[in-house]
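Protein chains in written order, with our numbering: chain A, 522 to 783; chain B, 522 to 783; chain C, 522 to 783.
These are computed hints drawn from the structure, not numbers from a lab.
Keep in mind it's a predicted model, so treat the numbers as computed, not measured.
Backbone N, C-alpha and C fix where the C-beta goes; we use that ideal spot for every residue, glycine too.
Just to be clear, a hint being listed does not mean it is correct.
[Stated by the list, open to error] Estimated spans, in silico, between C-beta atoms of each pair:
1) B/His622 - C/His755: 23 to 33 angstroms
2) B/Val628 - A/Thr670: 53 to 63 angstroms
3) B/Ser681 - A/Arg689: 48 to 58 angstroms
4) A/Met522 - B/Val581: 19 to 29 angstroms
5) A/Asp727 - B/Val628: 49 to 59 angstroms
6) A/Pro635 - C/Leu682: 25 to 35 angstroms
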Amino acid sequence: MKRITFLTDFGTKDGYVAQMKGVASSITDARLLDITHEVAPHNIREGAFILWATAPFFPVGTVHVVVVDPGVGMERKGLVITTKKQILVGPDNGILLPTAHLLGDFVVYEITNPKYMIHPLSRTFHGRDIFAPVAAYIAKGIPFGEIGTKTAHFVDLQFSLGEHRGDRIVGKVMYVDRFGNLITNIPSDILPKDVEQKKITVISGDYRWEHLPFVSSYGFVKPGEVLLTIGSNHFLEISVNQGNAAQTLMIKEDAEVQLFFS
Amino acid sequence: MKRITFLTDFGTKDGYVAQMKGVASSITDARLLDITHEVAPHNIREGAFILWATAPFFPVGTVHVVVVDPGVGMERKGLVITTKKQILVGPDNGILLPTAHLLGDFVVYEITNPKYMIHPLSRTFHGRDIFAPVAAYIAKGIPFGEIGTKTAHFVDLQFSLGEHRGDRIVGKVMYVDRFGNLITNIPSDILPKDVEQKKITVISGDYRWEHLPFVSSYGFVKPGEVLLTIGSNHFLEISVNQGNAAQTLMIKEDAEVQLFFS
Amino acid sequence: MKRITFLTDFGTKDGYVAQMKGVASSITDARLLDITHEVAPHNIREGAFILWATAPFFPVGTVHVVVVDPGVGMERKGLVITTKKQILVGPDNGILLPTAHLLGDFVVYEITNPKYMIHPLSRTFHGRDIFAPVAAYIAKGIPFGEIGTKTAHFVDLQFSLGEHRGDRIVGKVMYVDRFGNLITNIPSDILPKDVEQKKITVISGDYRWEHLPFVSSYGFVKPGEVLLTIGSNHFLEISVNQGNAAQTLMIKEDAEVQLFFS
Numbered sequence: 522m523k524r525i526t527f528l529t530d531f532g533t534k535d536g537y538v539a540q541m542k543g544v545a546s547s548i549t550d551a552r553l554l555d556i557t558h559e560v561a562p563h564n565i566r567e568g569a570f571i572l573w574a575t576a577p578f579f580p581v582g583t584v585h586v587v588v589v590d591p592g593v594g595m596e597r598k599g600l601v602i603t604t605k606k607q608i609l610v611g612p613d614n615g616i617l618l619p620t621a622h623l624l625g626d627f628v629v630y631e632i633t634n635p636k637y638m639i640h641p642l643s644r645t646f647h648g649r650d651i652f653a654p655v656a657a658y659i660a661k662g663i664p665f666g667e668i669g670t671k672t673a674h675f676v677d678l679q680f681s682l683g684e685h686r687g688d689r690i691v692g693k694v695m696y697v698d699r700f701g702n703l704i705t706n707i708p709s710d711i712l713p714k715d716v717e718q719k720k721i722t723v724i725s726g727d728y729r730w731e732h733l734p735f736v737s738s739y740g741f742v743k744p745g746e747v748l749l750t751i752g753s754n755h756f757l758e759i760s761v762n763q764g765n766a767a768q769t770l771m772i773k774e775d776a777e778v779q780l781f782f783s
Numbered sequence: 522m523k524r525i526t527f528l529t530d531f532g533t534k535d536g537y538v539a540q541m542k543g544v545a546s547s548i549t550d551a552r553l554l555d556i557t558h559e560v561a562p563h564n565i566r567e568g569a570f571i572l573w574a575t576a577p578f579f580p581v582g583t584v585h586v587v588v589v590d591p592g593v594g595m596e597r598k599g600l601v602i603t604t605k606k607q608i609l610v611g612p613d614n615g616i617l618l619p620t621a622h623l624l625g626d627f628v629v630y631e632i633t634n635p636k637y638m639i640h641p642l643s644r645t646f647h648g649r650d651i652f653a654p655v656a657a658y659i660a661k662g663i664p665f666g667e668i669g670t671k672t673a674h675f676v677d678l679q680f681s682l683g684e685h686r687g688d689r690i691v692g693k694v695m696y697v698d699r700f701g702n703l704i705t706n707i708p709s710d711i712l713p714k715d716v717e718q719k720k721i722t723v724i725s726g727d728y729r730w731e732h733l734p735f736v737s738s739y740g741f742v743k744p745g746e747v748l749l750t751i752g753s754n755h756f757l758e759i760s761v762n763q764g765n766a767a768q769t770l771m772i773k774e775d776a777e778v779q780l781f782f783s
Numbered sequence: 522m523k524r525i526t527f528l529t530d531f532g533t534k535d536g537y538v539a540q541m542k543g544v545a546s547s548i549t550d551a552r553l554l555d556i557t558h559e560v561a562p563h564n565i566r567e568g569a570f571i572l573w574a575t576a577p578f579f580p581v582g583t584v585h586v587v588v589v590d591p592g593v594g595m596e597r598k599g600l601v602i603t604t605k606k607q608i609l610v611g612p613d614n615g616i617l618l619p620t621a622h623l624l625g626d627f628v629v630y631e632i633t634n635p636k637y638m639i640h641p642l643s644r645t646f647h648g649r650d651i652f653a654p655v656a657a658y659i660a661k662g663i664p665f666g667e668i669g670t671k672t673a674h675f676v677d678l679q680f681s682l683g684e685h686r687g688d689r690i691v692g693k694v695m696y697v698d699r700f701g702n703l704i705t706n707i708p709s710d711i712l713p714k715d716v717e718q719k720k721i722t723v724i725s726g727d728y729r730w731e732h733l734p735f736v737s738s739y740g741f742v743k744p745g746e747v748l749l750t751i752g753s754n755h756f757l758e759i760s761v762n763q764g765n766a767a768q769t770l771m772i773k774e775d776a777e778v779q780l781f782f783s
């Protein structure tokens, strides 16, 4: 059983995603699954984060089609990236790269063979006319070298990690989820060993929040209270129990955060 | 062909649902289907209603994974509930229970065997680390007794039904759908036999609407007019033809409604 | 491998779509795919456009279930339309017809056989009780003549095309997509051959935009600038690079547009 996933900024109203699935369905019986289509329009970094957080949970051989593509129809290349266990397909704008680094042993191919594209090729929708059919042919077993040529030239993107600086840990908010949880780039293993005994001060921009608790899940503080915890990606998360930390703390995606422990 | 459905309050933007499906896909080739991911965050009752309204239409053997889980990481149990024809998996907060009562002959198991969980087990996302893999192993045929132990201790939840009180029928709004239809808990079989000949007065809070017609479908009144009808779940619905009854009548989920027939 | 797609105005919150899929799953193992459920409530024309733009990309034999159905429970018929390569199922309100004309060689059947409906038949949800099971039985191979009877009486709908009038091209906006792209009904082949060398004036209502460029994809103008291009359906599109043309130009669905080339 082969699987193809789809991750785009197309939304689900317009039929664009369904057009991609129609094309893939005409080529292969692989199972088609959605990662998300709600990436903010043209937000490459956000798409890169969601792919990076999600792809590792899929089985060996899964092909991920990723289309956040403000440069469509320009000179940007189309890529197939093979990794140790999964395959990534999408535009050469960096969106695939954090996941390629994470999955490991990756090789980048530029898509060149028109045989695996839909014709007439549109200039505005390569998701449908190039990436979906290429993914479907990969699921069908067409060799990578048949679809394109290896390349060492591609837009790279790697997520930075939070780190110790003097008496503090400095990181940033990688992503704000539907619940308003602030997912930072601070990995759990750089936190103090006795973090559950500490009170934490969080500084972001001009704001400062003191005496915040670190707990192992949301429910250990009262509803509406701020907490720090380790999220499901093993990074530090700032949350409000049954509330919205992004709104409560007025912190946005990409904001720097500084933590003091006392 | 086995089927697993997913019902959550995760939304579809964040990749959480896809992580659950990735985990399930790594264990089983069962078909994966969505019920909804748009339950209002933490609204157990709303999730319970949608499951209860939807599960009966799925085939024998379907496994439903339900994750509206404000108590994740706390002491609340994880449950597998077997019923006459389908299986329910989710947290012990009542969300599965109206459906268990409806489907009948149910037996409750507490999930205890770490063998069927993902490790390292997160404290904030049991949907991915416990409920999705457990559902996948059930679809694969692992016996319930292998996954957990029978229990008689669980949070129960049963929907009340509207009823006659003196000269009126008293009930409440169980759910407001996308179209603004007010779905009540008043079953069609307690309405007067000649209800189509009656004019109906609806009282809710301080408001009162008189001379409303009962019709067999929306189009029997003019666009914009209020009507009462029997909805697709065989409960009384208050609607506006091609309009939004919740907005027009200013009635919300959970509001009491009283009906007089004349 | 048989496939059934679903296109509705039900949204994805309420469980209605899942009820349809549950019914279909109880009848057939055909693969179930979504086109969209975000059609504006009761907007037949919008649903018709999305189906028309999407269906051609699906494989031979696909059955499309389409439910935008303000007349449910009234006297409107339910239809199965066979075309050269695919099958359409839905209400007799015109929504299927542009696609039937596009796919070609179509024959219209009125659904009459109660054997292929769910009982008790609701008066408000024929998507679940008639169209989903009929589509599933078609995917299973039940002959069309068994499900209903051929009819020559149905609501027709055909999209008009933009055309030359004197010194201008006159058309209208068929659809506004998530990105705010204005998709017109002006086919690419009626544009001047040297359109890429022209400056274009667009008039809509009281507004007038001059000196707009025609380019082959969005990125050929600066972010925020207006452009005209050929969209992925081979119709003229008015867009803003990385912006929202519908908002920038204050043009809505169904608005007339006039183009001058100089």
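Going down the list of hints, with the structure as the test:
Taking the beta carbon of each, B/His622 and C/His755 are about 55 angstroms apart, not inside 23 to 33 angstroms as hinted. Distance hint for B/Val628 and A/Thr670: a CB-CB separation of about 59 angstroms, consistent with the stated range 53 to 63 angstroms. A C-beta distance of roughly 54 angstroms is found between B/Ser681 and A/Arg689, which places it inside the suggested range of 48 to 58 angstroms. For the pair A/Met522 and B/Val581, the supplied restraint of 19 to 29 angstroms holds, since their beta-carbon distance comes to about 23 angstroms.
A hinted range of 49 to 59 angstroms for the beta carbons of A/Asp727 and B/Val628 is consistent with their spacing of about 57 angstroms. Distance hint check for A/Pro635 and C/Leu682: the Cβ-Cβ separation is about 30 angstroms, which falls inside the suggested range of 25 to 35 angstroms.
Hint 1 from the list above is the single one not met by this structure.
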